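Participant: For reference, the chains in residue letters:
2 protein chains.
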Amino acid sequence: MANKAAHIDTIPEEALSLGKQLCFAVYSAAHAFNRAYKPLLDRFGLTYPQYLVLLALWQQDEMTVKRIGEEIGLDSGTLSPLLKRLEAAGFVARQRDPGDERQVIVRLTEKGRDLKSEAFGILMDIGKASGCSLEEAGEIRDTLHQLTRQLNSGHGAD
Amino acid sequence: MANKAAHIDTIPEEALSLGKQLCFAVYSAAHAFNRAYKPLLDRFGLTYPQYLVLLALWQQDEMTVKRIGEEIGLDSGTLSPLLKRLEAAGFVARQRDPGDERQVIVRLTEKGRDLKSEAFGILMDIGKASGCSLEEAGEIRDTLHQLTRQLNSGHGAD
DNA sequence: CAAAATTCAATTGCGTGCAAATTAATTTTG
DNA sequence: CAAAATTAATTTGCACGCAATTGAATTTTG
Numbered sequence: 001m002a003n004k005a006a007h008i009d010t011i012p013e014e015a016l017s018l019g020k021q022l023c024f025a026v027y028s029a030a031h032a033f034n035r036a037y038k039p040l041l042d043r044f045g046l047t048y049p050q051y052l053v054l055l056a057l058w059q060q061d062e063m064t065v066k067r068i069g070e071e072i073g074l075d076s077g078t079l080s081p082l083l084k085r086l087e088a089a090g091f092v093a094r095q096r097d098p099g100d101e102r103q104v105i106v107r108l109t110e111k112g113r114d115l116k117s118e119a120f121g122i123l124m125d126i127g128k129a130s131g132c133s134l135e136e137a138g139e140i141r142d143t144l145h146q147l148t149r150q151l152n153s154g155h156g157a158d
Numbered sequence: 001m002a003n004k005a006a007h008i009d010t011i012p013e014e015a016l017s018l019g020k021q022l023c024f025a026v027y028s029a030a031h032a033f034n035r036a037y038k039p040l041l042d043r044f045g046l047t048y049p050q051y052l053v054l055l056a057l058w059q060q061d062e063m064t065v066k067r068i069g070e071e072i073g074l075d076s077g078t079l080s081p082l083l084k085r086l087e088a089a090g091f092v093a094r095q096r097d098p099g100d101e102r103q104v105i106v107r108l109t110e111k112g113r114d115l116k117s118e119a120f121g122i123l124m125d126i127g128k129a130s131g132c133s134l135e136e137a138g139e140i141r142d143t144l145h146q147l148t149r150q151l152n153s154g155h156g157a158d
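Residue numbers (my numbering), protein chains in the order written: chain A, 1 to 158; chain B, 1 to 158.
It should be emphasised that the hints constitute simulated quantities derived from the structure, not laboratory data.
Since the list can't tell identical chains apart, any single copy or any two copies may satisfy a pair.
Simulated crosslink set (DSSO-like; lysine-lysine; CA at most 30 Å straight-line):
#1 K84 / K116
#2 K38 / K66
#3 K38 / K84
#4 K116 / K20
Given the structure is predicted, the values throughout are model-derived calculations rather than measurements.
Using the sequences provided together with the hints, build the complete structure.
Facilitator: Listed below in structure tokens is the structure:
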């Protein structure tokens with residue numbers, strides 16, 4: 001892992017510029033995606049994190065809160081109220097696991113399952129709005145996954 | 001009713017997978033950066049958005065709330081309380097523009113200016129945590145800037 | 001010049017995100 | 001088997017982030 005940052009006297013004043021910072025680029029892109037999704041999701045009364053939960057459930061129905069949290073990277077403090085809102089909106093049902101009463105199993109309702117077919121439309125609208133090809137998107141995605149893994153390794157198991 | 005989008009043979013079921021979505025990769029990377037910054041910024045009692053405001057002010061001191069918002073992409077609804085907290089913490093001062101009483105000018109305090117030299121340390125810690133070279137970071141950054149611009153063009157000035 | 005429109009910041013309301021504390025259920029252990 | 005430790009979800013408190021509203025100041029215009 002040759003780190004090019006060996007002699008850092010090369011990091012000038014300019015490095016503090018927002019435009020020069022990778023983290024700000026990621027931060028801005030995340031907000032831009034959020035804004036792009038908003039009008040599409042508003043039609044269904046969903047927020048982006050709520051949509052992420054549905055995406056996860058469309059792949060694998062009947063997950064515990066903890067499992068969902070691992071899938072999308074949120075803790076129960078965020079998920080508990082979010083899931084209650086998804087339940088109130090009729091997209092999912094929550095039920096204590098009879099086998100282990102500590103756990104809550106979240107499953108799609110009919111309404112939640114029906115939304116899946118519409119999700120392809122959202123996906124394509126976003127794909128168009130992002131203005132990049134599938135290959136391009138795939139490259140950026142993989143690069144970011146690697147970056148995320150690297151960043152997360154800093155406080156996991158060391 | 002077929003649960004498969006009829007003529008969209010290029011976008012399969014798999015496209016709904018979280019791991020396949022560019023937006024989720026961006027979303028996750030943003031959170032990963034946030035978590036990486038947190039312990040570094042906690043030392044100064046700062047949040048990441050607050051740090052962004054200081055970065056902007058280190059480049060160009062004495063900006064209006066609106067100008068800062070344009071720099072980092074936040075509106076006054078977010079900035080007003082944030083700037084009050086930055087003021088309460090002693091990093092900035094806020095003052096109505098005598099020439100145009102609608103505007104509020106934000107400027108660094110001595111304490112805010114002093115923090116600038118420490119910021120290089122934060123920058124380098126993050127650079128190390130991201131595990132990519134300056135060139136690599138630059139490429140990803142430019143790609144994301146382009147992506148952000150493309151996404152924002154969908155509802156901006158046209 | 002005065003009314004209307006515009007601009008800027010602050011405020012309100014709602015939904016994340018995360019840390020820390022809480023509660024209930026299960027597992028470990030002494 | 002009972003006490004202690006662990007686990008899962010909820011709750012609480014704080015800080016974004018954004019839409020919509022408000023209020024004050026300025027500009028436009030009739």
